[in-house]
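Novice: Residue numbers (the UniProt record's numbering), protein chains in the order written: chain S, 1 to 492; chain V, 1 to 492; chain W, 1 to 492.
I should point out that these hints are in silico values taken from the structure, not numbers from a laboratory.
Just so you know, nobody snuck in bad clues.
One copy or two, either will do: identical chains are not told apart, so a pair holds if it fits within one copy or between any two.
Below, simulated DSS-like cross-link-like pairs (lysine-lysine); rule was C-alpha separation at most 30 Å, straight line:
| no. | residue 1 | residue 2 |
| --- | --- | --- |
| 1 | K70 | K111 |
| 2 | K250 | K333 |
| 3 | K473 | K70 |
| 4 | K247 | K333 |
All values reported here derive from a predicted model rather than from experimental measurement.
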Amino acid sequence: MMPDDMSRPLVRGGGAGGGAGGGSWGLEATSCEPGDPLIGILGTGDFARSLARRLVASGYHVVVGSRNPKRCSSVFPEDTEVTSQVEAVTHADLIFVAVFPEHHSTLLPLKPVLVRKTLVDVSNGLRMNRAGPSNASLLADMFPESCVVKGFNTISAWTLQVGPRDGSRQVFLCSDHHRAKNCVMQICRRIGFVPVDMGLLSSALDVENLPFHLFPSWHVPVLCTLSLFVFFYLYNFLHDVLHPFVKEGKSVFYRMPVETLNTTLPSVALVMLALVYLPGLCAAFLQLRRGTKYRRFPSWLDRWLTRRKQFGLCSFLCAALHAVYSLCLPLRKSARYALLAAAVRQVSDGVEDAWVDEDVWRMELYLSAGIMALGLLSLLAVTSLPSVSSATNWREFSFIQSSLGYCALFMATLHTLLFGWDRAFQADRYHFNLPPTFVLVLLLPLLVLLGRVALFLPCVALRLRRIRRGWQKNQHVRFTRLNDGVEDVSNV
Amino acid sequence: MMPDDMSRPLVRGGGAGGGAGGGSWGLEATSCEPGDPLIGILGTGDFARSLARRLVASGYHVVVGSRNPKRCSSVFPEDTEVTSQVEAVTHADLIFVAVFPEHHSTLLPLKPVLVRKTLVDVSNGLRMNRAGPSNASLLADMFPESCVVKGFNTISAWTLQVGPRDGSRQVFLCSDHHRAKNCVMQICRRIGFVPVDMGLLSSALDVENLPFHLFPSWHVPVLCTLSLFVFFYLYNFLHDVLHPFVKEGKSVFYRMPVETLNTTLPSVALVMLALVYLPGLCAAFLQLRRGTKYRRFPSWLDRWLTRRKQFGLCSFLCAALHAVYSLCLPLRKSARYALLAAAVRQVSDGVEDAWVDEDVWRMELYLSAGIMALGLLSLLAVTSLPSVSSATNWREFSFIQSSLGYCALFMATLHTLLFGWDRAFQADRYHFNLPPTFVLVLLLPLLVLLGRVALFLPCVALRLRRIRRGWQKNQHVRFTRLNDGVEDVSNV
Amino acid sequence: MMPDDMSRPLVRGGGAGGGAGGGSWGLEATSCEPGDPLIGILGTGDFARSLARRLVASGYHVVVGSRNPKRCSSVFPEDTEVTSQVEAVTHADLIFVAVFPEHHSTLLPLKPVLVRKTLVDVSNGLRMNRAGPSNASLLADMFPESCVVKGFNTISAWTLQVGPRDGSRQVFLCSDHHRAKNCVMQICRRIGFVPVDMGLLSSALDVENLPFHLFPSWHVPVLCTLSLFVFFYLYNFLHDVLHPFVKEGKSVFYRMPVETLNTTLPSVALVMLALVYLPGLCAAFLQLRRGTKYRRFPSWLDRWLTRRKQFGLCSFLCAALHAVYSLCLPLRKSARYALLAAAVRQVSDGVEDAWVDEDVWRMELYLSAGIMALGLLSLLAVTSLPSVSSATNWREFSFIQSSLGYCALFMATLHTLLFGWDRAFQADRYHFNLPPTFVLVLLLPLLVLLGRVALFLPCVALRLRRIRRGWQKNQHVRFTRLNDGVEDVSNV
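Given only the sequences and the hints, what does the whole structure look like? Please build it.
Specialist: Here's what the structure looks like:
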């Protein structure tokens with residue numbers, strides 16, 4: 001059943017230090033480098049140099065193949081042998097191909113010596129979103145008897161040189177040859193990177209396109225934030241700046257940089273926060289209506305569900321900016337001049353104290369609610385940091401993201417309701433017949449909170465619970481049992 | 001010495017790509033998948049589906065065993081074979097048991113084909129803090145000739161599907177069968193999770209209870225914060241709100257949402273910060289008194305020492321909220337009305353400038369000290385993020401947590417002392433004969449700072465240093481030598 | 001080619017659970033512990049105890065060698081065998097040497113039984129920056145027939161006990177014996193740490209000096225921040241506090257704790273931010289002038305380039321403190337007294353409204369620009385957290401650090417320009433003939449922004465692009481081809 005030659009560990013003759021280690025105890029058969037492979041590098045560019053330096057530093061023996069060995073040897077670390085391409089390839093067990101993909105064909109003369117060797121293609125695509133065949137598959141077509149592994153293209157020469165401190169430590173690898181891929185994975189780990197298996201060489205195009213990605217999961221949330229921002233900014237401009245100018249001829253354009261912005265930011269923040277919890281509600285109601293959880297959600301809902309974190313962080317950014325802008329208000333000259341003018345007016349009117357108790361209470365309450373909401377949002381933002389969330393278990397994570405999240409939404413809505421007080425019912429707040437901004441803003445959050453409360457109704461909650469445990473409408477009980485999946489208290 | 005059958009690597013006949021990879025070089029014997037195992041999954045629920053999708057995406061061959069293969073095959077990824085339970089189990093090398101634990105007994109007919117196979121029990125307990133035997137040990141009793149591995153119960157179907165981005169990447173595994181556990185570990189790593197070895201199957205109950213944990217290390221610190229909060233809030237309410245109402249009939253209840261809260265928060269923050277450094281002092285003085293470090297601390301002290309980070313973060317949260325509340329003060333209508341009234345009064349009194357130099361200095365100084373304390377606390381909070389602290393070495397970490405921490409405590413205490421100024425000695429500040437809040441608050445921080453200073457006294461410092469290097473009171477010098485442990489500049 | 005005895009897996013006779021695991025499927029040959037090694041520990045100090053506890057908890061069999069076994073056995077976990085040194089060493093496969101380095105020589109009698117065994121030296125140097133031979137190499141000289149591995153010295157007993165939660169999880173290992181090192185690496189991983197291969201035993205001195213490092217990459221940036229701080233503080237003191245005192249006899253020393261600090265902090269922040277982007281510009285212009293990227297930068301530039309993140313974070317800290325200080329301004333008694341005095345003056349002057357439109361606009365604009373700059377800097381700071389930046393690919397990281405970074409620099413410069421308005425051209429702002437602070441501060445940022453704009457000029461940009469793809473001045477085209485390195489869109 002087991003071919004003989006598989007148990008034959010082919011240690012390279014002159015292997016470094018292989019035989020020296022303790023031969024008398026139990027971990028013998030274990031691991032990993034019975035002798036380190038001699039690693040070849042074709043190419044003498046920045047990447048080749050940094051790679052050579054890194055490999056040598058991790059204890060590998062490196063031989064560099066160059067068309068012009070004499071000229072290039074000076075730029076490589078001392079322990080590296082720089083020699084002709086043929087010689088390097090002949091000696092090496094595993095070869096990094098660090099030449100531009102358009103020059104891959106210049107390696108064709110090396111074909112005979114490359115048979116059964118591992119070639120690591122580190123090249124990147126030159127254009128974004130290329131469709132054609134990947135560089136790696138072209139290389140594999142050129143050298144069908146070699147084992148081509150795609151990888152390291154997401155790592156810059158800079159990262160190789162200074163170590164994987166900034167940017168990603170992940171090295172995405174794919175290959176049709178398991179063994180070859182495994183060896184490259186081990187090299188990865190040993191030089192301090194984290195290999196990620198991307199499967200067969202057919203994924204090479206994806207891997208080559210990876211470096212061109214620019215926050216793909218943020219496109220929709222950021223676009224959404226910007227659209228809401230533009231909409232609310234224009235609305236507030238109309239309502240608070242243009243209206244007094246048109247109706248009373250009062251020029252208050254100075255409000256645009258701070259005050260209008262500061263009415264816009266919380267509006268965006270609250271609507272975005274509601275958008276974090278809306279898809280979960282949609283999913284729950286869809287499951288309730290369908291009477292099963294075994295039908296896929298529409299794809300827009302699926303995508304939305306996976307983007308909730310990004311929506312939440314956009315919301316937090318707006319909320320935090322809103323806080324700073326609000327705290328800046330009393331700093332401004334305009335606030336100072338207005339205050340002084342009010343003092344003068346109060347003196348000339350002979351009013352000793354203009355205290356309005358309702359005004360005071362309204363403000364104290366909505367300030368406090370706002371700060372609490374910001375505090376909760378900060379906790380949410382902190383726990384969405386990768387290293388923090390990875391230290392929580394699933395129940396903790398869902399507690400924070402769901403319970404704390406709804407608390408934050410509730411506090412933020414309360415903040416806005418208290419800010420509104422009874423102003424929604426005062427006709428003089430409806431400039432140009434448009435309702436004040438907070439009325440528009442409150443629609444969605446209140447809807448989400450009501451929906452959430454609806455899910456707490458015992459009958460609804462029970463039905464949803466059963467559906468999520470696998471129960472299906474219109475189905476025999478026995479069938480339900482057959483779908484005996486482990487419960488998934490799904491995150492939605 | 002070595003049984004024959006152990007060296008026999010049983011590679012599955014039709015192993016994928018196993019033989020193809022480079023056979024001519026030195027990493028041959030190394031690693032990991034001479035052929036990938038065929039993985040079976042029993043169960044067709046959410047977890048089973050997500051697991052199948054994930055395994056297939058990582059290049060594994062998956063066969064799903066269902067009681068109703070035809071009905072279920074549509075919901076699994078294309079490359080998955082869905083077949084009867086018997087057939088799946090017969091072919092597979094390793095089987096994930098993804099059925100509810102209460103249905104484990106339905107698998108008994110498969111017993112003969114499960115002999116010597118690995119069963120991974122992914123089930124969770126259904127109740128919190130169960131005491132009884134674990135699901136995994138019950139399964140092991142049912143199938144004594146199979147190798148049961150407990151694990152994956154902390155991973156949700158959602159995480160399996162979208163990848164280990166949110167929540168923990170750790171997969172806790174335990175088993176009495178080393179080899180089986182190792183294989184599951186490798187599968188873990190390959191599909192992107194981090195296996196954590198939890199030892200023998202007797203730990204299965206702990207592993208099954210893991211998902212029910214809800215921030216166990218935070219219980220005491222949060223409870224402590226809340227108790228202090230309630231105490232100080234009531235104290236401040238009595239002192240600042242009820243006293244003027246009772247004594248002068250002045251209704252200042254509007255202070256409750258912001259001002260009273262804002263006196264309470266810094267009190268909690270400072271006391272909590274002192275509680276971070278108190279257990280270290282206790283430990284040091286205990287060691288000094290006992291004259292040895294080789295006796296265990298009482299368990300409450302041990303637990304306290306491990307919770308210091310949580311105490312510190314609670315303190316930081318309160319301090320940050322205090323900062324935001326303070327910055328909000330001039331925003332409030334009440335502040336505006338009070339200022340206007342003061343202006344009117346000043347005009348009617350004919351006072352040109354009411355400048356009091358002492359008041360000005362006091363405030364500038366305590367503001368500055370407070371901001372510095374907040375800055376230092378922020379640094380401490382940032383460095384307690386897992387990814388930041390894991391990038392520091394032990395000396396750096398202890399420098400930050402100890403030196404910077406004491407600086408923060410000193411600045412915060414100074415902030416409070418400057419805030420107090422000479423008010424602790426003014427009789428009219430003692431409402432209801434109760435001292436002002438800051439007097440109460442300062443007791444513990446001053447005690448901690450004094451204790452710390454005491455440890456700096458040369459004689460004390462020397463003795464402590466000797467104790468921490470292993471010296472023991474009342475012991476022969478030779479004995480001390482025998483306890484020749486590597487120095488532990490313990491964190492306390 | 002392959003010596004026979006290398007394929008002989010020497011499993012220890014009484015190996016725990018080795019034979020039980022599934023023997024019938026494909027992962028047989030794989031991995032790691034065909035039987036766990038019996039681990040010996042010499043020494044009974046804190047480190048030895050914590051290590052023993054940790055190893056036992058991870059399923060290892062541990063035997064402790066003590067000179068006084070009876071006295072010490074009580075402090076070790078139950079499953080640990082405490083016996084004489086000779087006996088422990090005889091049975092164990094791998095021995096942790098946890099005795100003070102000055103007592104290493106007491107182990108010499110054990111020499112015969114230590115032959116071919118692995119010794120892990122966990123000792124630390126006792127002084128900082130020692131030059132002499134490392135403890136590990138001395139140990140290796142003492143026991144030339146054993147395999148000495150250096151490591152675990154960066155791990156404290158505390159970390160071993162509570163698990164690698166705080167501080168670093170990295171265990172730096174070096175040894176001349178590959179196999180021995182690999183086994184220690186596996187033990188590392190199994191007890192929850194991350195082994196880092198540091199190469200041969202000649203690196204042991206570096207490893208032993210590691211725990212003495214105290215933020216080496218922060219020295220220059222922090223020193224730079226402090227120097228700028230002192231310079232600007234003195235300058236501002238002269239300009240804003242001493243000048244009115246000398247010229248008009250006005251004592252405004254109360255400004256020192258808050259106002260002078262608050263003029264100093266943004267100055268430091270902006271200059272430091274400019275210093276983040278200056279080295280990249282220098283590098284680009286150096287490459288343009290040299291006409292090649294294949295000559296090393298001067299070492300100061302190299303070092304500066306690797307410290308940019310630290311410069312940026314220092315800048316952010318100052319900017320954040322500046323924000324808090326600014327927001328505190330209206331809180332102060334001094335602001336209140338000044339405002340009241342202004343109100344009284346305005347009443348007595350009979351001015352109804354002192355509104356100055358230019359003042360208002362200036363302030364609204366520079367506040368808004370400042371908040372935006374702070375927001376961008378916060379984004380930069382968050383993405384420089386290790387766990388966040390490691391989740392971005394290289395293009396995303398460079399987008400944030402370069403594009404967003406220059407945006408932040410631009411907004412911060414705009415903030416300062418708007419703050420300055422036309423005051424740079426008013427003679428009465430030149431106290432003691434010194435220009436106002438913001439004039440000094442603006443020099444460097446404007447220079448950097450101009451330099452960056454210069455690099456956008458088509459001819460310059462094209463040339464730089466070609467150089468970065470490997471083109472060299474004064475070289476034959478064919479030569480350029482020979483330097484066929486993979487493109488490195490270097491980060492500079």
